[in-house]
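With the hints as constraints, model all of the structure from the sequences given.
The listed protein sequences correspond, in order, to chains A and B.
Be aware that the first sequence starts at 1, since it is given in my numbering, and climbs by one per residue.
Be aware that the second sequence starts at 1, since it is given in my numbering, and climbs by one per residue.
Errors might be hidden in some of the hints.
Each pair may be met inside one copy or between any two copies, as identical chains are not told apart.
Capping the alpha-carbon separation at 16 angstroms, the derived lysine to aspartate or glutamate pairs in EDC-like fashion look like this [stated by the list, open to error]:
id	residue 1	residue 2
1	K88	E62
2	K230	D274
3	K230	E273
4	K30	D72
5	K193	D274
6	K193	E273
7	K193	E291
8	K344	E323
9	K173	E380
10	K365	E149
11	K144	E233
These are calculated hints, taken from the structure and not from any lab test.
Being a predicted model, the structure only gives us computed values, none of them experimental.
There are 2 protein chains.
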Amino acid sequence: MQKILILGAGLSASSLIKYLLDRSEEYQWKIRIGDLSLETAQRKINNHPHGEAFLFDVSNLEQCNAEVAQADIVVSMLPASMHFSVAKACVEYGKNMVTASYVSKEIQGLQEQALEKNNIILNEMGVDPGIDHMSAMKVIDRLKSQGAEIIEFYSATGGLVAPKYDNNPWNYKFTWNPRNVVLAGQGTSMYIKNGLYKYIPYHKLFQRLLRTNILNYGEFEMYPNRDSLKYREIYGLANIPSMYRGTIRRPGFSRAWNVFVQLGCTDDTFIIEDSENMTNRQFINSFLKYETNISVEDKLAKYLGIAEDSEIMYRLRWLGVFENTPISLARATPAQILQHILLKKWVLAEDDKDMIVMQHRFVAKMEGKTQEILSSMVVEGSDQTHTAMSKTVGYPVAIATKMILTGQIKARGVKLPIDSCIYEPILSELETLGISFIEEEREI
Amino acid sequence: MQKILILGAGLSASSLIKYLLDRSEEYQWKIRIGDLSLETAQRKINNHPHGEAFLFDVSNLEQCNAEVAQADIVVSMLPASMHFSVAKACVEYGKNMVTASYVSKEIQGLQEQALEKNNIILNEMGVDPGIDHMSAMKVIDRLKSQGAEIIEFYSATGGLVAPKYDNNPWNYKFTWNPRNVVLAGQGTSMYIKNGLYKYIPYHKLFQRLLRTNILNYGEFEMYPNRDSLKYREIYGLANIPSMYRGTIRRPGFSRAWNVFVQLGCTDDTFIIEDSENMTNRQFINSFLKYETNISVEDKLAKYLGIAEDSEIMYRLRWLGVFENTPISLARATPAQILQHILLKKWVLAEDDKDMIVMQHRFVAKMEGKTQEILSSMVVEGSDQTHTAMSKTVGYPVAIATKMILTGQIKARGVKLPIDSCIYEPILSELETLGISFIEEEREI
Chain A
1 MQKILILGAG
11 LSASSLIKYL
21 LDRSEEYQWK
31 IRIGDLSLET
41 AQRKINNHPH
51 GEAFLFDVSN
61 LEQCNAEVAQ
71 ADIVVSMLPA
81 SMHFSVAKAC
91 VEYGKNMVTA
101 SYVSKEIQGL
111 QEQALEKNNI
121 ILNEMGVDPG
131 IDHMSAMKVI
141 DRLKSQGAEI
151 IEFYSATGGL
161 VAPKYDNNPW
171 NYKFTWNPRN
181 VVLAGQGTSM
191 YIKNGLYKYI
201 PYHKLFQRLL
211 RTNILNYGEF
221 EMYPNRDSLK
231 YREIYGLANI
241 PSMYRGTIRR
251 PGFSRAWNVF
261 VQLGCTDDTF
271 IIEDSENMTN
281 RQFINSFLKY
291 ETNISVEDKL
301 AKYLGIAEDS
311 EIMYRLRWLG
321 VFENTPISLA
331 RATPAQILQH
341 ILLKKWVLAE
351 DDKDMIVMQH
361 RFVAKMEGKT
371 QEILSSMVVE
381 GSDQTHTAMS
391 KTVGYPVAIA
401 TKMILTGQIK
411 ARGVKLPIDS
421 CIYEPILSEL
431 ETLGISFIEE
441 EREI
Chain B
1 MQKILILGAG
11 LSASSLIKYL
21 LDRSEEYQWK
31 IRIGDLSLET
41 AQRKINNHPH
51 GEAFLFDVSN
61 LEQCNAEVAQ
71 ADIVVSMLPA
81 SMHFSVAKAC
91 VEYGKNMVTA
101 SYVSKEIQGL
111 QEQALEKNNI
121 ILNEMGVDPG
131 IDHMSAMKVI
141 DRLKSQGAEI
151 IEFYSATGGL
161 VAPKYDNNPW
171 NYKFTWNPRN
181 VVLAGQGTSM
191 YIKNGLYKYI
201 PYHKLFQRLL
211 RTNILNYGEF
221 EMYPNRDSLK
231 YREIYGLANI
241 PSMYRGTIRR
251 PGFSRAWNVF
261 VQLGCTDDTF
271 IIEDSENMTN
281 RQFINSFLKY
291 ETNISVEDKL
301 AKYLGIAEDS
311 EIMYRLRWLG
321 VFENTPISLA
331 RATPAQILQH
341 ILLKKWVLAE
351 DDKDMIVMQH
361 RFVAKMEGKT
371 QEILSSMVVE
381 GSDQTHTAMS
391 KTVGYPVAIA
401 TKMILTGQIK
411 ARGVKLPIDS
421 CIYEPILSEL
431 ETLGISFIEE
441 EREI
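See below:
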């Protein structure tokens, strides 16, 4: 029996674990699942005879090494910062590894050791990063093989709520780590457009929007995502004049979110004085000028140049940020307080389903014509466990794990899924699981 | 002979060195001055028989320890980050020390050792921090002794150019470290007004201005300076309802500077691609949207909501930021490029003189009345060496050094100049050197 070691059994691991357990009899796998909560690991296994739960603490190096030593392959679904100690154990004991996270410099540094041991450390196998790379490379490789010159590549992804359950004025609910949503976009975003580099500081990001239509799901907006420039090399498009990666939201979200950015409410670097005795309204007021005889609402609208009866103000009021609700969080940063307020409103209801949308837009010159190619994916969640996020993150990881075990993926070293020998079979199987791309093409 | 060790002989040390050399015969001091440039140290000594220059490298711990061991008192005018290794040597060898920089947590941590060795490590003895503390505490202690309740305290300082030489549209020239000017205000500024905490993110800082008049020097504006809250405790004003510390500029400076902040030109965290082949105009354009058929000037004005014929645009044009001047700086951050552009324009001419302005504003309740007390200082530079900055930083350091050597300052431990036994004699002597405060008082 081949032994699969899965580290981390949180929400994002549900579909991954189910996929592997469902096939464990056929492939004769034994699946050991470790989590800081034994109960979480047990619940995910649900008494499956091929599964085995154990209490796992990544900071216990001895345990980490012992577990890795006994496995045939290791799947790390731990928080991104914890992958490295697992990866080190993997190259030490000559084990293959799969993660859904961005490859870190430290893990990249294991390249030689991994090759020496004939291992693969396969990173960025989730949805974004993961499915985005695979589906983009499929189109890029095809266009190149057709002799096309790719002159524009836009790629964007969003985790949203499925249309049927999309019933709040933000058209948004938390379907993933709320902290990451509150902190999203901090730093400088950079991309290139017609050969000109463009840099956008955080405080301008949510005003620099593009619009798109995705299949029959209607209108979306997007804002650029940190460093789009480095993907030119990764995707083999070193000289492309336009390259942009973005985050997708429903229209209107970003300009309303921008209010929190402008005020400073997303700052995670300092503690608000006496936060435990503050109300939502006082929190907002602490970022506004001291002025009496004017309401906090009017002051905010005036400060940011927003009409008092605008959609933006309506979205803010709906969140309750102007209410005198006690915050009751001691020694909290602005970002923590904002997250606390949002968690009450942007919550998925029991029967709500999430949705992942992704769209690539290419412009390519070929045989004297200029073609626009859209490649779009929409995945809706099946239920609260097998969410769109859990499926799109977990299935590619699971399929890659299977294909490494069966020898179908033969690549070695520290890898991203950008080679056709990896992405082709995985994208094919994802289609059978309801994760597929629809292409639209037109001459422009 | 008592031995004074001065480490660092840069611009800020000129007046300090002259003050001590001028009195070295009278007090029988031997003054050893170390700098990374032997020539700089020699120039400052100018063959004075009591002075001795040597090549000093603070990273050479052995040299640092040997020099400190031979001294009676150490004056560190090194960059702030380098004080700690000097301070450690001082407490090890039982030597007194004076610096003009903010006390760091590491230096604060030497308190017990300093007391054991009966040493004083006297920090924040320059102008800001330094003269600001001393002159503020003088008024605070007097008001308290009169039974007054201080309900507001505003304190602000600015390094500017003297009126006669103030001949550019920014009313500003570099009189101090240009890098610090470009990066000024990054982070969050916080103060308290009538009991309400106020937080201002960097991207709003240069739009949240106050105005003031200083003596017969006319109008100035100010913006708040990082953490004003912690000074409540330092100044013994724990429960004061309004406390604000700011930076002073001439009116109009901040709103024009804000353009660079809004664009992202002051960011020091990433490298601009291909910066060596860029022009000023392309640099500015890289922060603006991609739009053809509209000039960079119009695009900027539209993006930031500024009238094309406004004072702000005039100030920007005057700087040459829209010109096709090559930048010729390889692998530079936006902040480095901006500094490079500004250095050509905000330069002090040969005969220009600088100016330091400082103003405290107190509101105090006393015997049923509410009094406003303004305490203001303006110091102009004497020449390009004995600038206002050099005098206001150097004289308090020099006087404190003298008073520790003569036993007039008896305080021990890690100290700021907030005790009357330190600030009283120093402020008195500063008056004889032309550094004095004028008080204005009125009932409000």
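Check K88 against E62 for me: Cα-Cα at most 16 angstroms, and say if that holds within a copy, between copies, both or neither. Intra 13 angstroms, inter 39 angstroms, cutoff 16 angstroms: intra-copy only.
Using 16 angstroms as the alpha-carbon threshold, which applies to K193 and E291: within, between, both, or neither? Intra 43 angstroms, inter 10 angstroms, cutoff 16 angstroms: inter-copy only.
From the Cα coordinates, with 16 angstroms as the cut-off, is the pair K193 and D274 best called within, between, both, or neither? This pair counts as between: shortest inter-copy Cα distance 15 angstroms, intra-copy 46 angstroms.
Within, between, both or neither: K193, E273 at alpha-carbon 16 angstroms: between (43 angstroms within a copy, 13 angstroms between copies)
How would you classify K365 and E149 at a CA-CA limit of 16 angstroms: within, between, both, or neither? within (5 angstroms within a copy, 76 angstroms between copies)
Classify it for me, K30 with D72: is the Cα-Cα distance of at most 16 angstroms met within a copy, between copies, both or neither? within (10 angstroms within a copy, 74 angstroms between copies)
Between K230 and D274, at a C-alpha cutoff of 16 angstroms, which is it: within one copy, between copies, both, or neither? between (42 angstroms within a copy, 14 angstroms between copies)
Treating 16 angstroms as the Cα threshold, decide for K230 and E273: within, between, both or neither. between (40 angstroms within a copy, 11 angstroms between copies)
When Cα atoms must be at most 16 angstroms apart, do K344 and E323 count as within-copy, between-copy, both, or neither? For K344 and E323, only the intra-copy Cα distance (13 angstroms) is at most 16 angstroms; the inter-copy one is 51 angstroms.
How would you label the pair K144, E233 (within, between, both, or neither) given a Cα cut-off of 16 angstroms? within (15 angstroms within a copy, 67 angstroms between copies)
Cα distance capped at 16 angstroms. Does K173 pair with E380 within a copy, between copies, both, or neither? within (14 angstroms within a copy, 59 angstroms between copies)
Every hint from the earlier list agrees with this structure, and none is contradicted.
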